[in-house]
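**Q** Each chain, written out:
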Amino acid sequence: MRSSVSRRPMIGRRVWHFVSFGGPGTAVYLCFVLAPILISLGYSLTNYNPFRDETHFVGLDNYRVLLTDEEFLTSLRVTGILTAIVVIVPNVAGLAIAALLDRQSWFFSSLRTVFFVPVVLSSVVVSVIWTRLLDNDGLINQTLRAIGVDEPPGWLSDPDYALYSLGGILSWQMLGFCVVIYLAGLQHIPQELLEAAAIDGAGPVRRFWRITWPLLAPALTINTVILLISAFKVFDHVQIITRGGPGSGTTATIAYNVLQTGFVANRQGFASAMAILMLVIIAALSGVALRLLQRREVDL
Amino acid sequence: MRKVLALLVATVFAVPLYVAVVNVFKDGPQISKSPASLPIPPTLDNIRSALGRSDRLFWVSLTNSLIVTSLSIAVLTVLSAMLGHYLARTRGRWTRALTLLLLSGLMIPPQVILMPVTQVLRAVGLMTTVPGLVLFNVGYYVPFGVFVFTGFVRAIPVELEESAALDGAGRGQTFWRIVFPLMRPATASVLIFLGVWIWNDFIDPLVILGPSQGTTVTTGIYRSIGQYQVDFGAMFAMMFLATLPVLIFFLLLQRHFVKGLTGGATKG
Numbered sequence: 001m002r003s004s005v006s007r008r009p010m011i012g013r014r015v016w017h018f019v020s021f022g023g024p025g026t027a028v029y030l031c032f033v034l035a036p037i038l039i040s041l042g043y044s045l046t047n048y049n050p051f052r053d054e055t056h057f058v059g060l061d062n063y064r065v066l067l068t069d070e071e072f073l074t075s076l077r078v079t080g081i082l083t084a085i086v087v088i089v090p091n092v093a094g095l096a097i098a099a100l101l102d103r104q105s106w107f108f109s110s111l112r113t114v115f116f117v118p119v120v121l122s123s124v125v126v127s128v129i130w131t132r133l134l135d136n137d138g139l140i141n142q143t144l145r146a147i148g149v150d151e152p153p154g155w156l157s158d159p160d161y162a163l164y165s166l167g168g169i170l171s172w173q174m175l176g177f178c179v180v181i182y183l184a185g186l187q188h189i190p191q192e193l194l195e196a197a198a199i200d201g202a203g204p205v206r207r208f209w210r211i212t213w214p215l216l217a218p219a220l221t222i223n224t225v226i227l228l229i230s231a232f233k234v235f236d237h238v239q240i241i242t243r244g245g246p247g248s249g250t251t252a253t254i255a256y257n258v259l260q261t262g263f264v265a266n267r268q269g270f271a272s273a274m275a276i277l278m279l280v281i282i283a284a285l286s287g288v289a290l291r292l293l294q295r296r297e298v299d300l
Numbered sequence: 001m002r003k004v005l006a007l008l009v010a011t012v013f014a015v016p017l018y019v020a021v022v023n024v025f026k027d028g029p030q031i032s033k034s035p036a037s038l039p040i041p042p043t044l045d046n047i048r049s050a051l052g053r054s055d056r057l058f059w060v061s062l063t064n065s066l067i068v069t070s071l072s073i074a075v076l077t078v079l080s081a082m083l084g085h086y087l088a089r090t091r092g093r094w095t096r097a098l099t100l101l102l103l104s105g106l107m108i109p110p111q112v113i114l115m116p117v118t119q120v121l122r123a124v125g126l127m128t129t130v131p132g133l134v135l136f137n138v139g140y141y142v143p144f145g146v147f148v149f150t151g152f153v154r155a156i157p158v159e160l161e162e163s164a165a166l167d168g169a170g171r172g173q174t175f176w177r178i179v180f181p182l183m184r185p186a187t188a189s190v191l192i193f194l195g196v197w198i199w200n201d202f203i204d205p206l207v208i209l210g211p212s213q214g215t216t217v218t219t220g221i222y223r224s225i226g227q228y229q230v231d232f233g234a235m236f237a238m239m240f241l242a243t244l245p246v247l248i249f250f251l252l253l254q255r256h257f258v259k260g261l262t263g264g265a266t267k268g
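Chains A and B, in that order, give the protein sequences. So for the first sequence, my numbering puts the first residue at 1; every next one is plus one. So for the second sequence, my numbering puts the first residue at 1; every next one is plus one.
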């Protein structure tokens, strides 16, 4: 029983250590992230609307309705296409540009900075700039007309183009991120390895696929996961550039619909169910992506 | 050859940035007629009109953004450095569970929690206030800070802390006098990343500060889009002025930015 006497202050000290060092951060996280998720989960089982009096428990009805809801399924498709564009384009273009810039000199490192500037710009600023450029008679269409295209597309006003324009804008903004990560990856590849392969007679294509590409696996992992997550929660660009249009829902992503349904239509129960589904999908996607991609990673 | 190609690609890529900057110094008709031409002669009218609006939108937004960003990153650095240190130095089931719980926060889209967050804030009387937005920022970005700091603390030899403890320093003293100064690179990347993200944030200030209350620079630009339908020059000027602080911040600290980005990312 002596041990319990000496353990008590020990436990007290441990608790105090947690409270003083871990407590404040954990508490804020609990109040503003974890509790809200639980509240959302709770609302998703009701028909809650702050401007109506009655709130009923409706079980899984919201989820059942969502899975057959035309609007939701459209937003799922829109988000899917947008995510695919944003994961593929900056990854491919970023690797190409990184390979181009892979030299140590002030010239190439200042070009790297140019590519990185959009990453630190606000999505609001990026959206406004591109809205002006892609307007029916903005710079891009003025240029197209000048070189003889009589009827250039309505990049943002034509339902067939708007989603791809949005994907292009997002890709432009994220490109620099991929460039920087790939550059770091390239600079960590030992030159001796490439030289040895060259001496053994491997051409540039073979050297790339056999050495460079496998050793870039960690860079590909981080880029893909970051792009996946940021594409999936795109809201700002949609809100400012297209507001879900043109037409009905041609660019309405899930993230956009959650806020529309929750804050504009005030159907918070329904919106919460949508938000929870969104969270589940994003967790599943990034989990799968992480697992698949990390399997490729090799240690030197 | 490589240089020419690289320069060409970068030039095409930078056209939107160029257009945004030159149009700050042109008048309205010039902007819509020839958006890509150089501003000759340059005019400062747009900047003057953005700065001199009667509702002081720019100044109010700038002040709010500065307050929200600096308060948020100051609190975030302190709390996540301490929490990160705690998690890196303590073993056990609870620690692991808490780490996992925090890391899962890295991928939570703000849309999922914004609606209930407004209710939490309303319950404590902080909805539509700057402290409310700061608290939300702290909660939302603490996982990122913890992620950076725990990784970094693991690289600091624990013996340093043990010997300080033997010399009679308390936990707080050891942390602030010895560990925290050693974590400067981690602190730099946390400050820079979160500074840029919070400055650029749009949806959270829009919802939390509310429709009529304070604006930050991003929500200020958003609200002026409607009013500036006719006056693009003034809108470009407003965007230019709002972006300048973060751009300067980034250019000054870009070495740290890139280091912070690639240090953890590629197992450098």
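Simulated from the structure, these hints should not be mistaken for laboratory data. Check each hint, because a few of them may be wrong.
[Unchecked claim] The following residues of chain B were derived to be distant from chain A, with all beta-carbon distances above 12 Å: (1) Val9; (2) Asp55; (3) Thr63; (4) Thr118; (5) Gly145; (6) Leu160; (7) Asp201.
[To be verified] Chain A side only, calculated, beta carbon under 8 Å to chain B, not exhaustive: (8) Ile229; (9) Val280; (10) Ile281.
What you are looking at is a predicted structure, and each value in this text was computed from that prediction instead of being measured. Using N, Cα and C, we set each Cβ at its ideal position, and we do this for glycine too.
**Q** With reference to the structure, classify each hint as holding or not holding.
**A** Structure-based check of each hint:
1. Val9: Contrary to the label, Val9 of chain B does not stay out of reach of chain A, its closest Cβ about 6 Å off (not over 12 Å).
2. Asp55: Non-interface label on Asp55 of chain B holds, nearest chain A Cβ at 19 Å vs cutoff 12 Å.
3. Thr63: holds, 17 Å
4. Thr118: Violated, because the least Cβ-Cβ distance between Thr118 of chain B and chain A comes to about 9 Å, which does not exceed 12 Å.
5. Gly145: violated, 8 Å
6. Leu160: holds, 17 Å
7. Asp201: For Asp201 of chain B, whose nearest Cβ neighbour in chain A is about 8 Å away, the distance does not exceed 12 Å, so it is violated.
8. Ile229: holds, 5 Å
9. Val280: Nearest chain B Cβ about 10 Å off; hint violated.
10. Ile281: violated, 10 Å
The structure fails hints 1, 4, 5, 7, 9 and 10 (numbered hints given earlier, in ascending order).
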